[in-house]
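Number of protein chains: 2
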Amino acid sequence: MPETMENGFQVAVDTVIFTLVDRDLKICLTRRDHEPFVGNWSLPGCLLRLDESLDSAAQRQIEDTLHISKAYLQQLYTFGDPERDPRRRVVSVAYFALVSKDRLTPTSLKDTSGSPSWHSVYALPPLAFDHAEILNYALTRLRYKIEYSAVAFELLPEEFTLRELQDAYMVILNDHKLDKANFRKKIREANIVEPVSRYRETGGRPAKLFRFRDDAQLETKARRFFP
Amino acid sequence: MPETMENGFQVAVDTVIFTLVDRDLKICLTRRDHEPFVGNWSLPGCLLRLDESLDSAAQRQIEDTLHISKAYLQQLYTFGDPERDPRRRVVSVAYFALVSKDRLTPTSLKDTSGSPSWHSVYALPPLAFDHAEILNYALTRLRYKIEYSAVAFELLPEEFTLRELQDAYMVILNDHKLDKANFRKKIREANIVEPVSRYRETGGRPAKLFRFRDDAQLETKARRFFP
DNA sequence: TCAAAAGTGTTCAGCTTACACCCATGA
DNA sequence: TCATGGGTGTAAGCTGAACACTTTTGA
Chain B
20 MPETMENGFQ VAVDTVIFTL VDRDLKICLT RRDHEPFVGN WSLPGCLLRL DESLDSAAQR
80 QIEDTLHISK AYLQQLYTFG DPERDPRRRV VSVAYFALVS KDRLTPTSLK DTSGSPSWHS
140 VYALPPLAFD HAEILNYALT RLRYKIEYSA VAFELLPEEF TLRELQDAYM VILNDHKLDK
200 ANFRKKIREA NIVEPVSRYR ETGGRPAKLF RFRDDAQLET KARRFFP
Chain P
20 MPETMENGFQ VAVDTVIFTL VDRDLKICLT RRDHEPFVGN WSLPGCLLRL DESLDSAAQR
80 QIEDTLHISK AYLQQLYTFG DPERDPRRRV VSVAYFALVS KDRLTPTSLK DTSGSPSWHS
140 VYALPPLAFD HAEILNYALT RLRYKIEYSA VAFELLPEEF TLRELQDAYM VILNDHKLDK
200 ANFRKKIREA NIVEPVSRYR ETGGRPAKLF RFRDDAQLET KARRFFP
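Protein chains in written order, with my numbering: chain B, 20 to 246; chain P, 20 to 246.
Don't read these hints as lab results, they were simulated from the structure.
Just so we're clear, the structure is a prediction, and the values are computed from it rather than from any experiment.
Just so you know, even glycine gets a beta-carbon here, dropped at the ideal spot from N, CA and C.
Be aware that one or more of the hints could be misleading.
Selected chain P positions facing chain B (in silico; Cβ < 7 Å) [stated by the list, open to error]:
#	residue
1	Leu69
2	Asp70
3	Asp100
4	Pro101
5	Val110
6	Val112
Working from the sequences, and respecting the hints, build out all of it.
See the structure below:
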């Protein structure tokens, strides 16, 4: 622990907010209206306040940006390169957040010019600062995490079909060859969803709707969902 | 990213330095000679300097504490609770480090009263600040990490027997019922070690020495070593 | 009755687990 | 020759991957 006094740092919190729309994985970006990187896109971020925890700052950032409370949040990594902000020394604690699209205002999902707006992770504009690096890291961690825990549900509406769940996995992993039968068997045996009595209309046979079980084991320690 | 000016923070780096001695997993602790928590044990830590990166600060901390360069280091998590330091606001970036005992001075490994000194993670004294929480997190991550990557080698000498490797896994996981034959088969098939022509004398038949292959795949993405 | 999508069962290969056995050395 | 620890082979059982199949709806 520190004993000597040194100059202070700015501590920022930057959040990578994911959502799933139209079988695409999107993140929330804001357009910068100050130097440096004026006009560029960047991750939503704010400065840590003296009286709040890191988690609270990330939560506050999401509330300010999307007007949503209690999003699923996880701290990712802290970026502290002395050169990462050309103006001054900023240490940035990165978070990722998962938000279901039905908690967002429908208008904000459509255009990709306003600020904030949603952009496919598979077609991103250039990002300010080291935010491309942060985003890459977040995506890697998200992909890793859905293989051993049930966080994909945070990106889905309350009720969903198994097909929608499988699509979520395929879009996030960018792997569209998961076997339907095997996927369903895994989900069934993991015992993390329960059927509701409703059905979703589709092009063919209606699909049974499921919801996530509140008493489910979220993390399957050392047992992945997909090999 | 931040646009408004706020008060500065102290940014600290605290490191959880692991080593393996006598079939025990130990960490390095320093005794505090200032308030608060005078006389208590704490993790080695230092304040971040304005011109260095977080990784460099952690490396510097290890050099200052153990006179070792280029230890295996990984950033863990950042702790930023406003109350974590009773004096002032300190955001602490935690690292874990893995050091082989043959890089340490033999004397320093023996007594557990000097500062720094080595303490079994299975019999720890009370720790200052939130360091017990940091340590717990580090231990969880270490255990998790050795299941899908080959970091255990960082804790072993250059040359080691397969028994020593298995002991390392068992001590770290606190699980002493790994099957010898199956362990060896996994290691053989993972293709991460190569034999050297020397042998280690033991109580019975001499044990072949191995070393880690420099061209080995360190991380086995989504494929764990042990289920 | 056909297309589309939901939903299931079955096989085979490969891996995990448990356990028994042999080998090399020093006392 | 015995105790000690190193080192290996194999059979049983489970898991994952592939694929073929049935069901239910709307047009």
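Tested hints:
no.: 1; hint: Leu69; result: holds (6 Å)
no.: 2; hint: Asp70; result: holds (6 Å)
no.: 3; hint: Asp100; result: holds (5 Å)
no.: 4; hint: Pro101; result: holds (6 Å)
no.: 5; hint: Val110; result: holds (5 Å)
no.: 6; hint: Val112; result: holds (5 Å)
Comparing the model with each numbered hint stated earlier shows that all of them hold.
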